[in-house]
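**Student:** Hints are included, so try docking the two chains, each in its own frame, into the full complex.
So the sequences go chain by chain: U and F.
For the first sequence, position 331 (counting from the first letter as 1) is numbered 331 according to this note's numbering, and the numbering increases by one without interruption.
Going from the second sequence to this note's numbering is simple: count from 1 and add 363.
For the record, the hints were derived by calculation from the structure and aren't laboratory data.
All C-beta atoms, glycine included, are put in the ideal place defined by N, C-alpha and C.
Among the hints, a few may not be true.
What the hints assert, rightly or not - Only part of the chain F face toward chain U is listed, based on derived beta-carbon distances under 7 Å:
{"#": "1", "residue": "Val435"}
{"#": "2", "residue": "Leu442"}
{"#": "3", "residue": "Val446"}
{"#": "4", "residue": "Ala466"}
{"#": "5", "residue": "Gly474"}
{"#": "6", "residue": "Leu578"}
Said to hold, decoys possible - Each computed PhoX-like pair below joins lysine-lysine, with the alpha-carbon atoms no more than 20 Å apart:
{"#": "7", "chain 1": "F", "residue 1": "Lys614", "chain 2": "U", "residue 2": "Lys74"}
{"#": "8", "chain 1": "U", "residue 1": "Lys195", "chain 2": "U", "residue 2": "Lys293"}
{"#": "9", "chain 1": "F", "residue 1": "Lys615", "chain 2": "U", "residue 2": "Lys74"}
{"#": "10", "chain 1": "U", "residue 1": "Lys55", "chain 2": "U", "residue 2": "Lys334"}
{"#": "11", "chain 1": "U", "residue 1": "Lys210", "chain 2": "F", "residue 2": "Lys418"}
{"#": "12", "chain 1": "F", "residue 1": "Lys462", "chain 2": "U", "residue 2": "Lys74"}
{"#": "13", "chain 1": "F", "residue 1": "Lys503", "chain 2": "F", "residue 2": "Lys698"}
{"#": "14", "chain 1": "F", "residue 1": "Lys492", "chain 2": "U", "residue 2": "Lys70"}
{"#": "15", "chain 1": "U", "residue 1": "Lys70", "chain 2": "F", "residue 2": "Lys462"}
{"#": "16", "chain 1": "U", "residue 1": "Lys206", "chain 2": "U", "residue 2": "Lys183"}
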Amino acid sequence: MSSKVLGILGTAKNTGKTTTTSALLEMTTYRKLSVGLTSIGYDGEDIDNITGLPKPRIFAQKGTLIATTKNCLKSGTAQIKTLKETEISTPLGNIVIGEVIEDGLAIVAGPNKGDELSVIIDKLESFGNKLILVDGAINRIVPLMKTDALILATGAARSVSNDFLIKEVQCICDSFDLPKIEKKGLMNLKNIKQKVITLIQKDYSKKYLKTNSLISLSDIQELINRLNKETQLIFIPGVLTEFALNELIKEEAKLLKNKNIIISNPTQFLVGGNTISLMDTLLKIKKLRINLKIIKTIPILAITVNPFYPLYRYENSRYEKGWVNRDELYNKVKSVVNIPVIDIMKEGGNNLFDIIKKEFNLN
Amino acid sequence: MQIVPKKVLLVPLDPVHDVALKIINRRLKERGHKTLLLPPDISIEEIVDQASKVKPDIIMISRTLGYGVAEVLSKLIDLLEVVGIRDRAKIVIGGKAIKPELAAELGFDAGFDEKTSYEETIAFVEGRKYEVEEEKFIKKKKDLTSGYSYKFNHQKIDKMLDEITEETLDWCKDKTSSGINRAYLREKMIELKEQNNIPLQNRNKRLTSLQSEYLKNCDDLIIRFYQEEVLPKKVRELTTEEKESLEDYIKKSKEIARTKKIQHTTDKPLIFFQYGTGCPIMDIAHIKIGEAWGADGVLHFDPSWGARTEGFLEGYLSHEEDGSIITEQNLGKIKESLNSSTLWTVRAHRGLNTPETVVLAGKSGADLTKINIVYGSLNAGTDPSRLTVDGVEAIKLAAKYNLAFDEPTNEELGGVPAYKTFAGMLIVAKLGLKLGAKPILKPLFCYSPDAMITGRMDDNYIDYNAAKIYSLHKIVDAPIWPGEPIGFMTHTEDRIQSSMTTALHAALATSLGVDAITIASSDEAYSRGSISVTSRIDTLRAVQETFRFLGKAKIKPTYKAKEWSNELVSQIEKVLEDVLRKGSFVAALYDGILGSREDGAYSGRVGRNTVFSK
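Chain F on its own, in the form it takes in the complex (with noise of 0.2 Å):
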């Protein structure tokens, strides 16, 4: 488009603050407007006159905004109509906190703030029509694994990790649990419930049976519930009220809804953060906000006591602690709010539910879930024989729902060291591949009990952290999310200290070029309840100015992170070769080859003799 060139007067009415007008200057120049900037601070009149001789298209003001103020601008909007300059040009006026409604009160044809982007006062005097930064940015959803080979670059630990996955996956082939039978009536219900064709009496007939099936592989809190309404302590249902309101929150937030995006020169990593009020109204509001915010995806955080029931509950439950309850309608209602481009993580990993959740995941529309196993079996309280049998059928779900899995290696947080912890997670992202499902490796960024120990982080949290993802790289060529959150135990209660150790291991993240990160609210550590929004936002803001500050720089580690992350190879490769002389991966997670007492893991309990054959 031909720019016409227009007259432009500057006016800085502020004694001071007149940088933004003089960047105004130099860009309209830049472009072949013929502007006048004025002297700062001179009366109106003076301004009026110099208008009358310049006959301006467009006069740009500038003032910061305090009581009377209003009056003086007004006097001069007044002044410039009574002399005929207001009917030829436009009037603009721009200052902190000066938003469309004062500028219409004060009677301009435009006001900009400090938010407002100098390419938008441009587009003003061009007379386009500018499209705001965020609404000229579709935001689309992205494939984490996308571009990834998954091809093992460590000749050694791909053949080991072949053998221990052929030797579990012949271990599992003839048993089963009541979690797996639960995750196929699950699917059975739902899909009933979809078919519109089969009479309403008929399909009903069939569900009350298939729930009578479900209730057999039940545990007596979820059969209460069912049979006799009564709902496990700390949840209740929520009312018509808040349900209609629920609708309306979210039909609103989605008519006002914007993304942005918060990385700067970089596509990668990609924000994440949990939600998991308690509250699905409470959820879908930390989601919204952190849409806004440019979160590009979040998970679903259940309660603990989730993962230890056999059975899920239904309807629209809240809950008084921690952990949202996975039901259909909870994230049925979730997944409406959520925006077309927001990755949508329901974690399964570590319970009695693991396969029935990857069912509800993907019958949901989620895009991602989360199994591991090891981290289940070591660190969340699942018998290892158990989680094998329903981690592998809930890995090929995954794979039948299309929904990548990331591996959280947490057990690290309790003690286990990294390579350890690696060794387990190598070895579910094998039995995915096999299993044809898309695995993630998620590493901790975190300053755990064993670098503590060890003292690999006495001089800095870069190091080793790097070492973990260098390491990676040498075995695979896999996505790499690390978590969960980033900078885990080095947050304290100081809200800034907890926003800055966040942003500064996002930075490293993007340093080092892996594809997401998990970001902790900068109370979640000490929050001693419900997370608030607010905290939500510091960190968001502050791993974007974080990625604004760094670009495409790059932090430098010392050697120690290419040493380290040789040495953790050579380390992994000696796990994986204890866990094959075991002859047994499920024996080895309960002889502590992947995590043992020492290190601060124990095989869990919940689910024991729970195993049986099909």
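Pulled out of the complex, with its shape left as it was, chain U reads as follows (with noise of 0.2 Å):
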């Protein structure tokens, strides 16, 4: 059986990622699960690097499988033994692939692009894990489309703002949920180049635009020019920004009515956009029936919400803990979307392990 891959996608430091790996850890550990552990960035530290303020602990037990560099073996307290040295390097050192042999604290650091991410859940597979947690990196998302599924983590970090939080998890959640377009309307889209606008007309002929990779303004409007009402279907692999997206549904929203836009996947616009108006755009999209599909999208399994928030203090400019009210924060975040909304920190790790699980099929 191959391995199910979990990413811990977050909004902003300190919404709670690490805590909800931390739990995770500790259920698979209870369930007796083997499990393979990496992060896209640095954590298990104890102090954080910007606010100061006290950073959770990974703590691991024996027999969980590391992926972190190795200056990183040296800082934790658990003992872990070397199976496999990697080239893949780090501002920390190449990352190796270890088996804690002795329980105690663990510093994770592991690879930072898509790719190299790739290739280290292989070889945590090859070990025979059944599942392995990918823990995120402040806000980024892109490495994290390597995964199978993901858990949300937001909270009083990313915003003391509530309405700004739930608009916030509104359009990843919706993001993540588009319509993926079915395997024959693909007309092997798959296989063109990045970086080429492919428009596709009612005959099945193409048209193809040259652009960046990041769509400019001008490539709107070299596409724009191109569009007519015998287009069927825009393919546009690039990152396609906010700014970009709002000019063509501006100019020619008419044109576009019942027409498919497809995007390889979520993160093409949820990076180049502000999520907050980014929810509006898609809300207009929606209203003038615009098809906007994806190639490829993955599950987001549960939301966790933390209402923990570095309090920034101008008197001695050194930051402090803040809470916002919990039960608001988690009520609002609940009555926005159809998946499970977890406090981990309140609830622990069991009812999110019980998702997991059922949509891992793991045993």
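**Tutor:** Shown next as structure tokens:
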């Protein structure tokens, strides 16, 4: 059986990614499931690199496999035996795969590029792990597209405004939940080079438009010039910034009605825009009956919420611990999504683990 | 190595702090790289757009961190990855407080902070392995006496010193003391312990016999320790746990230890500091931290009662007050902790254990010791006859163990004029040379009572200190190491003032080309207890900054310096004539020729009538 890979995606620093990862680690030990762990950032440190506030630690139990850097092996208290060295380098040295031989705290710094994450996942898989956990970094999203499913961690550290948070959560969930284009509709689009926008007409003829990877306003203008009533589908392989997307629907909204705009995956517009205004744009697209579809997506299994935030004190230039009202935050988020919402600090990892177990069919 | 030109995109993401990138830009261009420096404060989309066009090999981003900036930087990395640039280009973040851990967290390939050298960033661009300056710089232990001929430039003084020291050696030749007996017994005991070919039982038997002989030469305080296991007040043995943590501390600190050169473009003066917190663990902490901040050498400072007591204790001992107890075990651990380049002095100069201290220093692997019969007799409380007999033997032992010895002239702090202290120092130096040892002259850089009374420092602290060095140069070609510490009596409770005055005296020392200096911590004069490590770092940093400021430039003393140096030489000459006239060095000490009661010197009483015939 191949491994299942779970990514922990955050909306900002301190939103609860590592707390979620730690809770899941604990559950895997409790439920006797072999687990591999890595991170696309730097996790398990005692003090936050920016705020100076204490951070959640990662307690690794015997038998856990960890992909981290050579330098980090020495920094934790867990005894980790190196099983395999890799050529993947990071600012903290090359990544190694190790096995925890004595319980203790671990510092995890793994690959920070998607392709390198795939290599590490393959290596962890080769050791027979049923579940691989990938702790996220800050608000990074792109490398986590190499996982099979995500947990989204958000909280007051992103914003102390609940309205902001729920709009962002909605935006991310809706983006990942965009309809996938059916296989037959793809018409070999997957093989088309990046940087080439493809317009497919009703007679299946294709028009190509060379662009930059980051779709610019002039690219959009060029696209609009080539657009006509016969256009049935537009495939946009590059990063569609919010500005570009707004420009497209502003100029030729009528022509795009009932047409398919295909993008590779939700990150292609999530990384290019502000989630709050992007949400408005997505609603506008829906209203205009433009069919925005994606080739690949992965499910978000649950959302974890964290009322903690670092409160900056101007009088002494230091951060202190701050909290928003936990219940208000939890209920507001719950009211806008139809996936489970969990407060790990209050509930522990049990419910979340059951969700993952069900999704991944883990026994 | 041929440089392969790289395409580098330089991005000042910060609205204001782009100086570092501009410097890197210039340096990269000078080395033939193709660079594009973007204007400051542009959007991340614009950066990605430019990167897509330029197709750089390296992207260097500078940004000061604050809350929320991490999210912007991570988003930039995500954008660069999704458009395919991340796989092709190395991406670096630079800025205040950027550590490799943070760079890893943010998704960058490297992180540079304000301490990163431009050479390192260039090496990163060129794909070269960068050797950290400290690592590239292998600190080697220096011999302070190397290159000196010890030739006297002043013939008359040379001749007088010759006569005085002949008389002194002759006076000493049939005399001995319990201190000398102990020194040789200690030597035998240590050598016996080193011999593995003797059966254990026999060895222990011989050790017990030597120890019993040793105790016959000791004070009650020491005898009670060996016979009844009673420790002196405020002394205790380290616990097993403390000893284990000490071992661990030494091991760990050696693993991470780095040395650095504190001097800028000159090789001297070497920087020494004194340790003696009372606790060997704290001492080692001070030493390791001092080494890390560039100290070249350390001096072991023992409790003052140690000089008044016949005999040494044994074991890993901690002392509640200033001064760290000399034992074979304490010294052994301190030696173990030292970096191979660190010069180590164990002072022996002033008390009843002077020869035995030299044996312990020699056997423990010290590089230097400290012997000055005159200072020890006049201001440190030891009887002149006893210290002359013991001092001469100690110098012989220093020669045997190849320990150069410095001669502090701290009686000047009691009020003795510099020229008298210099006359005494030169007599002991000559004794050293006659006995095959290597003396190091140690004039004080201080605001001494005599300088205050005579008004020689009313205008500045430069001229008279410079005059001291000039005068010694006129007399002999020997190493000079002002101490102890420099700037004595110019320090106040104010740590900034204290660091400043130490640093300025260090500048003067550099300018005068002396071989070494001893510096105080910024709280040394007023610590009212143990010296703090942060204060130790204060002065090391201040001195380093002074060296950076001064480079090879010189401080120019006024004409007074030359004038006073001539005066000092004549005054030294006159004192030596008086000693000769007296006909006995020891009598000269008793009679105040080398420092009188009026000057503020009192010949010591400790160990009076303890010299006996061989």
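**Student:** Give a verdict on every hint.
**Tutor:** Status of each hint after checking the structure:
1. Val435: 9 Å, violated
2. Leu442: Since the shortest Cβ distance to chain U is 5 Å, the answer is holds.
3. Val446: Constraint on valine 446/F satisfied, holds at 3 Å.
4. Ala466: 4 Å, holds
5. Gly474: 5 Å, holds
6. Leu578: 49 Å, violated
7. Lys614/F to Lys74/U: Satisfied, since the Cα-Cα distance of roughly 15 Å is no more than 20 Å.
8. Lys195/U to Lys293/U: 18 Å, holds
9. Lys615/F to Lys74/U: Holds: lysine 615/F and lysine 74/U sit about 12 Å apart, inside 20 Å.
10. Lys55/U to Lys334/U: Distance of about 26 Å is beyond 20 Å: violated.
11. Lys210/U to Lys418/F: 17 Å, holds
12. Lys462/F to Lys74/U: Holds, at about 17 Å.
13. Lys503/F to Lys698/F: 16 Å, holds
14. Lys492/F to Lys70/U: 18 Å, holds
15. Lys70/U to Lys462/F: It holds: about 17 Å lies between the C-alpha atoms, which stays within 20 Å.
16. Lys206/U to Lys183/U: 18 Å, holds
Figure legend: structure checked against the earlier numbered hints; hints not met, in rising order: 1, 6, 10.
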